[in-house]
Amino acid sequence: MEKRSTKRDESENARREAFTQYWMAAEPSVSAYVFAVISSFHDAEDLVQQVAQETARRFDQYDPERPFLGWALWITKSRVIDFYRQSGRDRLVFSDDLLIRLGEVIASRDAGRNERREALEHCLDSLPERSRKLLDLRYVENAHSDRIAKSLGSTSASIRVTLTRLRDRLAACVQKRLAMDEAR
Amino acid sequence: MTNQQENLDQYLNSGLGPEDASQFEQWLQENQNLHLLAARAELHTDLRRSLQRRNVQQEAMAHFRDLNSQSGETESDTQRQAQTFSNSASTVVSTTNTDGPPKKWFILAMATAAIFLLAFLSIPEATSPPQQTDASSPRIARIAYQQNAGWLSGSRETGDAIGDGVVQLEVGIARLDFSNGATVTLQGPAKFEILSADRTRLHQGVLTVHVPGTAIGFEIETPTIDVVDLGTAFGLAVGVDGETDVCVFEGEVEVSVIGEKSNTKGRLLHAGNAVRSTPLDGKIESVLYETNRFKDGWPVTSGVLQATGLMKFVSPGPEFVPGRYEDNEHIVVFAERQGITLDSEIPVDLTSPGLYQRIHRHNDQKIAAGTTVRSYLLQLDPLGTRERNSENKPRVTGQITFDKPVIGLIASTSRLTNTDTLLGHPDGQYKTARRGIEPTRKEDNLGIKRDAVILSDDRRTLSLDLSAGSAVDQIRVIVEETEQKPNR
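If you're matching them up, the sequences are chains H and X in order.
Using our numbering, you'd call the opening residue of the first sequence number 1 and step up by one each time.
Using our numbering, you'd call the opening residue of the second sequence number 185 and step up by one each time.
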């Protein structure tokens, strides 16, 4: 394919690059917000993808004087409400006010977001193989506790408790690593 | 604490029933509990991303090892190649990490975000890596429309020919019109491969497709299933893990688990059906029919490039047809028929560009026999009925842009009724009571701002500025649909 280089293309490229930078920085927090309110990975990831598209499409409306994350979360909130409305789930756990407050809490946690993700990578490295396998079943293969229980010959309740303990351990490990980093 | 975390995990994994939901909402009123939820959701999404990425990397490493054992390359070559893969996936984010030299694993963590945006661009394919499409391939499709489209391979122009190979749309929307008449709209980020004129593959992303009678048998593969179109419209979504959703809007499709198509008969899905298939599961399961993710691409597939103001293109599906669906907040746009060749001329109310204060009935306006057309219905009825007798009626404004020129508008009751069979939606329920223009209204003589209907000079954009309670309830828009040209 022949590449055409025009002024329009250049400014479009600059715009796209600016958007990409903003989106990459905001996306982990947008994801956390969506995962907090939509339980299916597939639906949540679809919705994050929709938010990416909408923020890209409406990027001209973004005021660079204000935080991009706040703007992206504002758009996310509307898409979440649409999602619940359109999927026929009229009983939304989150009222409008609660969705706004959740956005504020997620935005307030944005500062240490990358450090926590970085620490989690270390913590995952130190997990025993069996625990890793269990997490893989849940997070890579998207299997729920009853299916995992069947494949491992355990009970659903036991798998749920084990997964919660694993997450607690990982959360504690992340906190410990961050405290160690601060002490250095 | 752990009990709380267990409940939080339960909610994050499966949602809650109505009773638990109410208690949970109460619990979340405390700010510290909202922080607990945010922290757990963060962990949840990070685990999903990180473990998925690690898995992909392991597979990529194993793949390189397999390839190298065939070609006799050394282990260090393998590591170098895998490193190249990691680096290329992270180039977009490397500029954001300014704290000293970037750490390999941190780049890899960030690379998941790049993968999200760039749609697995660096993941090597199995035995036959897909080729990027280029101009030397025979033309199979062309880019018919783009909206904020960013392509991995650089700039592409509307009208560009696309041959076989991979196209990767990073952001935006792009519609590909195939020579056989199939129309595919991609929503970025998407990785789509054209294998032949009637066989394609969606590696990742979201698309909507319309397949006319000329292209029955059009096939789209995904990492988990084959979808064969039996003359229809449907939406397809493939997640980063290969999980595939199929949602049938009209007609029928046949789906089968990948690799099993030749052995077993596929499963037939009808309009309003939706299924999901997860990698390694080997199963196709029915899921809730949900079209939200297709709402950006579907109008474009249907020939509506933009709808602004109160104009709203209706969701796809058997329940969203004239007579069954009403929306009292919008001017609803229904796609009715496609590819109808007129046996005889049909009288219409308006054919020329310009500003009209009423869509008058003109007896000499006709669309000639032999013209191939597509039709849409714009419905204002519920809004009109509700506001008709109130004072201070609000204005109802909206604009719609079609991909082809409008060659006729019909807004009179008799002409609407006369064309329902030929141009109305096959499943539509059309009423015979007054639908179009009412006789001259008293308000017209009182200097009240009158309705305006504008058809642009290129005849592709229709603007409406009506009072709620306007005489106009429904407008049928007839668009010229050119014959499909043979494959060049």
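Honestly, the hints are just simulated from the structure, not real lab data.
For clarity, every value in this text was computed on a predicted model and none was experimentally measured.
Be aware that a few hints might be false.
[Stated by the list, open to error] To be clear about the criterion: a stretch of chain X counts as covered by chain H if any three or more of its residues have a C-beta under 8 Å from a C-beta of chain H, and this derived list gives those stretches:
hint: 1; region: 193-200
hint: 2; region: 235-244
[Said to hold, decoys possible] A few chain H residues facing chain X, derived, Cβ under 8 Å:
hint: 3; residue: SER31
hint: 4; residue: SER78
hint: 5; residue: ILE81
hint: 6; residue: LEU102
hint: 7; residue: ASP146
hint: 8; residue: THR155
hint: 9; residue: SER156
hint: 10; residue: ARG167
hint: 11; residue: ASP168
hint: 12; residue: ALA172
Every residue gets a Cβ at the ideal spot worked out from N, C-alpha and C, and that includes glycine.
So, as I understand it, the hint says LEU102 of chain H touches chain X; can you test that by seeing if any CB pair is closer than 8 Å? Check passed: Cβ of LEU102 of chain H comes within 6 Å of chain X, closer than 8 Å.
Hold the hint about SER31 of chain H up to the distance rule: shortest CB distance to chain X must be less than 8 Å. holds, 4 Å
Have a go at the ASP146 of chain H hint: is there a Cβ in chain X nearer than 8 Å to its own Cβ? ASP146 of chain H check fails; min Cβ-Cβ to chain X is 10 Å, beyond 8 Å.
So, SER156 of chain H near chain X? Judge it on the closest CB pair being under 8 Å. violated, 11 Å
Whether chain H covers the region 193-200 of chain X (at least 3 residues having a Cβ closer than 8 Å to its Cβ atoms): holds (count 8)
Answer holds if the nearest beta-carbon of chain X is closer than 8 Å to that of THR155 of chain H; otherwise answer violated. violated, 15 Å
Go through the hint on ARG167 of chain H and say holds or violated, using the shortest Cβ distance to chain X against 8 Å. This interface hint holds because 6 Å falls under the 8 Å limit.
May I ask you to test the interface hint for SER78 of chain H with respect to chain X, counting a Cβ-Cβ separation under 8 Å as satisfied? violated, 12 Å
Can you confirm whether chain H covers the region 235-244 of chain X, using C-beta to C-beta distances below 8 Å and requiring at least three such residues? holds (count 4)
Double-check ALA172 of chain H for me: the hint is only fine if its C-beta lies closer than 8 Å to a C-beta in chain X. Nearest chain X Cβ about 11 Å off; hint violated.
Given ASP168 of chain H was flagged as interface, is its beta-carbon under 8 Å from a beta-carbon of chain X? holds, 6 Å
Would the hint on ILE81 of chain H be counted as holding, given a Cβ-Cβ threshold of 8 Å to chain X? violated, 11 Å
In the structure shown, a violation is registered for the earlier hints numbered 4, 5, 7, 8, 9, 12, in ascending order.
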